[in-house]
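In order, the protein sequence lines correspond to chains A and B.
For the first sequence, the residue numbers in our numbering are 170 to 915.
For the second sequence, the residue numbers in our numbering are 265 to 476.
All clues stand as given, with none of them false.
Derived DSS-like pairs (lysine-lysine); straight-line CA-CA distance at most 30 Å:
| id | chain 1 | residue 1 | chain 2 | residue 2 |
| --- | --- | --- | --- | --- |
| 1 | A | K295 | A | K241 |
| 2 | B | K379 | A | K778 |
| 3 | B | K295 | B | K393 |
| 4 | A | K346 | A | K415 |
| 5 | B | K376 | A | K788 |
| 6 | B | K379 | A | K607 |
| 7 | A | K478 | A | K520 |
| 8 | A | K416 | A | K428 |
| 9 | A | K415 | A | K428 |
| 10 | B | K376 | A | K778 |
| 11 | A | K594 | A | K771 |
| 12 | B | K376 | A | K607 |
| 13 | B | K376 | A | K594 |
| 14 | B | K388 | B | K295 |
| 15 | B | K460 | B | K475 |
| 16 | A | K416 | A | K771 |
If you're looking for bench data, these hints aren't it; they were derived computationally from the structure.
Here are the chains, one letter per residue:
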Amino acid sequence: MKDQHVHHFEHTDVKVGVYVCHCGINIASKVNVHEVVEFAKNLPNVTVATEYKFMCSDAGQDIIVQDIRSGKVNRVIVASCSPLMHEITFRNATQHGGINPYFFQMANIREHVSWVTAEKEDATVKAKALVAAAVHRVSKHTSLEKKYFPVNPNVLVVGGGIAGIQAALTIANAGKKVYLVEREPTIGGHMAKFDKTFPTLDCAACILTPKMSQVRSHPNITLWTYAEVENVSGYVGNFTVQVKHKKRYINADTCIGCKACVDACIGPENIPDEFNEGLSYRKPVYMPFPQATPSVVIIDENSCYHFTKGGCPPDFSSKNGHLSPQLQSLLRRANECFELRDFQETLKLTKEILKSSPEHQETLFLHAQTLYQLGMINEATEVMRNVMVKERCVAACPKGSVDLYQTEAISEIQVGAIIIATGFKTFQGERTTQYGYKRYPNVFTSLEIERLVNASGPTGGEIVLRDGKTKPKSVAILHCVGSRDLHSNRYCSRVCCMYSLKLAHLIKERTGAEVYNFYIDMRTPGKGYEEFYEKLCHENVHFIRGRAAEVTDWVLSKAELGKLVVRAEDTLLGMVRRVPVDMVVLSVGLEPQTDAEEVRRKFNISCSKEGWFLERHPKLAPVNTFTDGIFLAGACQGPKDIPDTVAQAGAAAAEALALIDIGYVEMEPNTAFITEENCSGCRICVALCPYTAITTDPVKLISVVNPALCKGCGTCVAACPSGAAQQNLFTDEQIFEEIEGVLEYV
Amino acid sequence: MQQETPKQIRFVGKLDPDFVQKMWRGWKKVKFEEEMDPQFAEKVASYPGCNTLFDCIQCGTCSGICPMGSFMEYAPRKIVGMIRAGFKGEVLTSYTTWLCASCYACTVECPKNIKITDIMYALKQLAIKEHMHPRRLPIPVLARQFFEIVKKFGRNNEGKVVINMYFRTNPLLPLRNLIMGIKLYLRGRIAFTQDKIQNIPQLTKILNTVKM
Numbered sequence: 170m171k172d173q174h175v176h177h178f179e180h181t182d183v184k185v186g187v188y189v190c191h192c193g194i195n196i197a198s199k200v201n202v203h204e205v206v207e208f209a210k211n212l213p214n215v216t217v218a219t220e221y222k223f224m225c226s227d228a229g230q231d232i233i234v235q236d237i238r239s240g241k242v243n244r245v246i247v248a249s250c251s252p253l254m255h256e257i258t259f260r261n262a263t264q265h266g267g268i269n270p271y272f273f274q275m276a277n278i279r280e281h282v283s284w285v286t287a288e289k290e291d292a293t294v295k296a297k298a299l300v301a302a303a304v305h306r307v308s309k310h311t312s313l314e315k316k317y318f319p320v321n322p323n324v325l326v327v328g329g330g331i332a333g334i335q336a337a338l339t340i341a342n343a344g345k346k347v348y349l350v351e352r353e354p355t356i357g358g359h360m361a362k363f364d365k366t367f368p369t370l371d372c373a374a375c376i377l378t379p380k381m382s383q384v385r386s387h388p389n390i391t392l393w394t395y396a397e398v399e400n401v402s403g404y405v406g407n408f409t410v411q412v413k414h415k416k417r418y419i420n421a422d423t424c425i426g427c428k429a430c431v432d433a434c435i436g437p438e439n440i441p442d443e444f445n446e447g448l449s450y451r452k453p454v455y456m457p458f459p460q461a462t463p464s465v466v467i468i469d470e471n472s473c474y475h476f477t478k479g480g481c482p483p484d485f486s487s488k489n490g491h492l493s494p495q496l497q498s499l500l501r502r503a504n505e506c507f508e509l510r511d512f513q514e515t516l517k518l519t520k521e522i523l524k525s526s527p528e529h530q531e532t533l534f535l536h537a538q539t540l541y542q543l544g545m546i547n548e549a550t551e552v553m554r555n556v557m558v559k560e561r562c563v564a565a566c567p568k569g570s571v572d573l574y575q576t577e578a579i580s581e582i583q584v585g586a587i588i589i590a591t592g593f594k595t596f597q598g599e600r601t602t603q604y605g606y607k608r609y610p611n612v613f614t615s616l617e618i619e620r621l622v623n624a625s626g627p628t629g630g631e632i633v634l635r636d637g638k639t640k641p642k643s644v645a646i647l648h649c650v651g652s653r654d655l656h657s658n659r660y661c662s663r664v665c666c667m668y669s670l671k672l673a674h675l676i677k678e679r680t681g682a683e684v685y686n687f688y689i690d691m692r693t694p695g696k697g698y699e700e701f702y703e704k705l706c707h708e709n710v711h712f713i714r715g716r717a718a719e720v721t722d723w724v725l726s727k728a729e730l731g732k733l734v735v736r737a738e739d740t741l742l743g744m745v746r747r748v749p750v751d752m753v754v755l756s757v758g759l760e761p762q763t764d765a766e767e768v769r770r771k772f773n774i775s776c777s778k779e780g781w782f783l784e785r786h787p788k789l790a791p792v793n794t795f796t797d798g799i800f801l802a803g804a805c806q807g808p809k810d811i812p813d814t815v816a817q818a819g820a821a822a823a824e825a826l827a828l829i830d831i832g833y834v835e836m837e838p839n840t841a842f843i844t845e846e847n848c849s850g851c852r853i854c855v856a857l858c859p860y861t862a863i864t865t866d867p868v869k870l871i872s873v874v875n876p877a878l879c880k881g882c883g884t885c886v887a888a889c890p891s892g893a894a895q896q897n898l899f900t901d902e903q904i905f906e907e908i909e910g911v912l913e914y915v
Numbered sequence: 265m266q267q268e269t270p271k272q273i274r275f276v277g278k279l280d281p282d283f284v285q286k287m288w289r290g291w292k293k294v295k296f297e298e299e300m301d302p303q304f305a306e307k308v309a310s311y312p313g314c315n316t317l318f319d320c321i322q323c324g325t326c327s328g329i330c331p332m333g334s335f336m337e338y339a340p341r342k343i344v345g346m347i348r349a350g351f352k353g354e355v356l357t358s359y360t361t362w363l364c365a366s367c368y369a370c371t372v373e374c375p376k377n378i379k380i381t382d383i384m385y386a387l388k389q390l391a392i393k394e395h396m397h398p399r400r401l402p403i404p405v406l407a408r409q410f411f412e413i414v415k416k417f418g419r420n421n422e423g424k425v426v427i428n429m430y431f432r433t434n435p436l437l438p439l440r441n442l443i444m445g446i447k448l449y450l451r452g453r454i455a456f457t458q459d460k461i462q463n464i465p466q467l468t469k470i471l472n473t474v475k476m
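Okay, chain B solo, but in the shape it has when bound:
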């Protein structure tokens, strides 16, 4: 791939740094075919319920209805379009999938019955598998910690999840939320003692069967 940097572009006279920056951004908008992953769409579609993504007519209903859409860098419609085009890097590193609140509004409204929320889950799984998810974003960490605890004890423990998450993302944040934490504890919303289910080996067996 030959990608010229702006430095190699010759200009007469002095370069305006602002202009160079804009040029650079504009240049990055050109997507070379060799940067794409032609198998990416097939890969995502192989997840259960995700082959519906080929039905997309890019009508934008999902993006229009999405309550989190305005915080995403790529709205759901774009994500589906990018998957089909093979923008693997952009899709898997984006925050969009992690911002999805799983409200299922898009799935309900989609005129082609595309299971967009399921696709988001597939992308989350793929991103973790390929180690491409945003590292210090609390959401994937929270999900992972939640799963680890449930896997181990069969029940969730809010206190543990929150503390584990903070130490893996921003260790200073708990100090700011300390008072809220104490209040939650006093009202019985957070417990620090771990509940367990009776037959943990059976749960482990189930989880092993589904290869988690």
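Isolated chain A (complex conformation):
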């Protein structure tokens, strides 16, 4: 496309140049290069055959360029290393010489021959065969062009934790439009729950909330909370994403977060607060936490009376006085019948009352309730509409933002790149039964303690036992719960040692309690982490090297009475110890999100065995996935602390920017194509294609390959019963010619 001097040669005009590389001694020590060159000279169409010490060097490439320019060759074979190493190098050289780069073929005589063959003679024979195969094949090569596709400049970030926030802000600051989709009612993720961050002990909220509000106010960021990605289609540079806005029952655009509805709500107040890990309670309408972004309340449909009982119970107190004693007694009887679950009788009585006093609310309400219990939900709703009192939140809202009849909405957006930052979940403490989480009340998980030590937490920063008032005098922190354990997770969760040290410090500081750390290995690799560990040693925190065997309330001495006993071997001293404590903290590990598999499928990326999203290369492409245009950030790729998460989010943002900034994507032409006249429209390839690149033409009823999606895996080519599916650079003709080349000279 870019090169103006591309000549197209006829097959009859084939002039092959064979260049055999010594690769220092890598090839030459096993393969008799000179013999291969002499052999190549006698192959059909070969006009030039030569050898060189390093073909990939500038001088080596120059030989190829000069030979092409002087008209000696128009097909190039380099017998050297693997295509992964240097195919691009030699293709560029071929193009530089003035012919189509796909008139080049590589014969791998290093990885496939010299490195793996024991005998010199065998190696030379095999090298000859491979060179012959390449010479045969290259004569069937055709001129191909790279394909270019435009890229949509918008970016979608999935997940609004610290990783998503960082990635979104970086891209938005570069002037690109970002959609940030978060499935919880607020962004902030796990970091918003923390009090302090290790090792500097700076307050998590102080460094996170400015970023959160920046996201909210940034003109380039469209923030959608309580929304989930429903469907992703398209390909790199051109994704179409459907985002489902879940029912929040509040108009998020008009809500100002005044919490008048929360004050007015008369719903149950005993619903465990998810944000506080169930340590406090909330109403059905609530703000997740004071600094929630966006500052919008949410109504929980599982507990709100509107959804569970058909409406707020009306206020009866003032109306009863107007009723005649006869009606009152009828009402009492109706109530009693309702209590006794005699709904037919209740219905009869309420109808009787309604005849004489049609506006009476309690009766209407009872009537509706009865209908509801009898399963006549539509009728019940109809009656409830007549109850004069509106839902309390609706009445209290100054902006009219409460919308109890909200429905799910779907937005469809076009983006060029996607960053996945869906984060992690913590290990469930009850899965390690020997530590008695949920069996003994004073066994906590580390996330619960994070909330307890947090100044905006349920106790205002007081560390107390489950009874809500007693301060612990001794605390045991058990490391590696749900990590390094074949019963749960094999891997090390990487952050637990450090956050356990942080919690040990905070507990020591706030309560002055004796803190015992039971650890297997203390892992503090990071800037300032080891120094933090040293600091803790100076603070007289006890470190016992030994995984806690069990937590029990089985008492063996007077000192252990009423306490939890942690039994563990102090492996450094070789003695079993029983440590009585008031509070046990389980340093739970990190796990992939429960629906990671579902998300993986949605975005067509890969998961590792444990369920973490898989990067393309652990070292050289840590934020890329195997799907082009989709990048990873943060703990969804593996356990990570905040500094690493932020760094990775920045890297993912840079990769996404690199993709969208250039404006187009370049595609190798080795894609599949369908020969129209051969295709019978059986659709076998449609179902098999792992990249959903093949569709059926609705008019011709044959398969069509989208070259932008095709990765050139060849699955359709192998499966096609009529041979209609073919692949550029791997046509049947080329493959057969290659095989013949091998067989002819072995």
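Once you've looked at the hints, dock chain B against the given chain A.
Only chain B this time, still in chain A's reference frame:
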């Protein structure tokens, strides 16, 4: 191996015998490489289920949970560590393996799924094979006697096992437990008549197949 005895250490003045004893103990704590058996770990690991011992991260869960741990001279974690280091003599002569009650608590709790109880059995077998087990400890004798009787008759006989064990370990002990023995006999807990299974040759064949 050159191992100096405390007598060769020169001291100025009179030697305190207590001090010498402590010195001697301290000296014995140095383990020379030539005293080790580098193949010992491989040997133990070759027993079925025992190659898991290389997964050990020395976390101490097994020792912490072991109900017999406080009676052992080397707790299970140490045993695994010593096997890997090649402390063949110490491991095979120790009481630890024989005190293992096979409750499998360690196997259940081990975060690396190491079959510690199986390793204990392997060590018992090895100790007997190498004649290194503690001779007058009743546990290995009891195990051997139990096996001999079952091998011969196909069924166990408590009375016989107990008597055989006592005569091979401490012949005076039965006198002390005589009354308990009589009580057990009266309640039918100990029988002196031998039960047999019907087809003993077949059992012998099975045991020969597994090379017992």
